[in-house]
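Just need the whole structure built from these sequences, with the hints factored in.
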Amino acid sequence: MVAHARRDHPDEACGIIAGPAGSDSPERLVEMINAERSPTFYRFDSAEQLAVWRWMDDHDEEPVVIYHSHTATEAYPSRTDVKFASEPNAHYVLISTREPETAMVRSFRIVDGEITEEPVELTGDELAVQTYKIGHTPTSIVYDCAEPR
Amino acid sequence: MSVEVRIPTILRTHTGGEKIVKGDGDTLSALFADLDTRHNGLSGRVITGEGALHRFVNVYVNDEDVRFTGGLDTALNDGDSVTILPAVAGG
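If you're matching them up, the sequences are chains A and B in order. When we follow this note's numbering, the leftmost residue of the first sequence carries the number 1, and every step to the right adds one. When we follow this note's numbering, the leftmost residue of the second sequence carries the number 1, and every step to the right adds one.
Treat each hint with caution, since some may be false.
Unchecked claim - Beyond 12 Å from chain A on every Cβ pair, some chain B residues (computed):
| no. | residue |
| --- | --- |
| 1 | M1 |
| 2 | T15 |
| 3 | E64 |
| 4 | G70 |
| 5 | A75 |
What the hints assert, rightly or not - DEER-style ranges, computed between Cβ atoms:
| no. | chain 1 | residue 1 | chain 2 | residue 2 | range |
| --- | --- | --- | --- | --- | --- |
| 6 | A | W55 | B | G16 | 22 to 32 Å |
| 7 | B | E18 | A | E101 | 41 to 51 Å |
| 8 | B | S81 | A | A21 | 12 to 22 Å |
| 9 | B | N77 | A | P100 | 52 to 62 Å |
| 10 | A | K83 | B | G16 | 24 to 34 Å |
| 11 | A | S23 | B | T48 | 35 to 45 Å |
| 12 | A | E121 | B | G41 | 35 to 45 Å |
| 13 | A | E121 | B | H54 | 35 to 45 Å |
| 14 | A | A3 | B | T27 | 43 to 53 Å |
Unchecked claim - Stretch-level coverage of chain B by chain A, calculated; a stretch enters the list once three of its residues show a Cβ under 8 Å from a Cβ in chain A:
| no. | stretch |
| --- | --- |
| 15 | 8-14 |
| 16 | 50-61 |
Worth flagging that the hints you see were computed from the coordinates, not collected in a lab. All C-beta atoms in this analysis are idealised placements derived from N, C-alpha and C, irrespective of residue type, glycine included.
Shown next as structure tokens:
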């Protein structure tokens, strides 16, 4: 996620991590096209979204994580992020590439317009992410930062 | 004449949790009018008060985004599959 966000900077990068439906386990990273190619907005390409969503449906997967980058602001959901959040089961992960040396990664639930931050626990190559927010909600989600398989 | 409609998670409150529902109609707007008779409120989540598609809801007939095939006037044939997907977008 961080590498993708860095690569597309100064435009926003976006994608998902799919996993088995109901597992809450993010396993398969899918980098999506930002159809807006914008530093302030993102939107999945509609044809690509259909293809990816259909593939998940056929393989009993769901988007466990939906991520995008903020390239000039902090890793916190914007008003537009909240307005368009449409997957109540997903973890919305924000990556800020504002600082060239330090990426910030934070994770949220966005349900019915309400933002709830959740803890991020790092495994694998911890140097891949330099700062992250420790949350205090009971469930934690684990991000494996090892090289993509 | 029957069309299969795939409902995204967030709109399943209108279909009693059903992931796939059946509908009828020669065009997409006729289909949504038909669906609304059984799935109250579904149409309003896809079509605006002015009768246009919501900008941040994608509707596909088979594999085609209907924005490129005539929008709500898109013709439907027996056995077509309609998919509704909220756009994944933000700032």
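Verification of the supplied hints:
A cut-off of 12 Å between C-beta atoms confirms that M1 (chain B) is not in contact with chain A; the least separation is 24 Å. Chain A leaves T15 (chain B) outside its interface by the beta-carbon criterion, the shortest separation being 16 Å against a cut-off of 12 Å. For E64 (chain B), the shortest C-beta to C-beta distance to chain A comes to about 9 Å, within the 12 Å cut-off, and the non-interface label is violated. Against the 12 Å criterion, G70 (chain B) stays outside the reach of chain A, whose nearest CB is about 16 Å from its own CB.
Every CB of chain A is more than 12 Å from the CB of A75 (chain B) (nearest about 19 Å), matching its label as outside the interface. For the pair W55 (chain A) and G16 (chain B), the beta carbons lie near 26 Å from each other, so the given range of 22 to 32 Å is met. Restraint check, E18 (chain B) to E101 (chain A): a C-beta distance of roughly 50 Å satisfies the suggested window 41 to 51 Å. Look at S81 (chain B) against A21 (chain A): about 20 Å separates their beta carbons, and that is inside 12 to 22 Å.
Taken as a hint, the range 52 to 62 Å holds for the pair N77 (chain B) and P100 (chain A), whose Cβ atoms sit roughly 54 Å apart. About 27 Å separates the C-beta atoms of K83 (chain A) and G16 (chain B), a value consistent with the hinted range of 24 to 34 Å. Our hint of 35 to 45 Å for S23 (chain A) and T48 (chain B) holds, since their Cβ atoms are close to 36 Å apart. Look at E121 (chain A) against G41 (chain B): about 39 Å separates their beta carbons, and that is inside 35 to 45 Å.
Taking the beta carbon of each, E121 (chain A) and H54 (chain B) are about 37 Å apart, inside 35 to 45 Å as hinted. A3 (chain A) and T27 (chain B) have their C-beta atoms about 45 Å apart, which keeps the hinted 43 to 53 Å range intact. Beta-carbon proximity to chain A at under 8 Å applies to 3 residues in the stretch 8-14 of chain B; the threshold of 3 is reached and the given coverage holds. Counting residues of the stretch 50-61 of chain B whose beta carbon lies closer than 8 Å to any beta carbon of chain A gives 3, which reaches the threshold of three, so the coverage claim holds.
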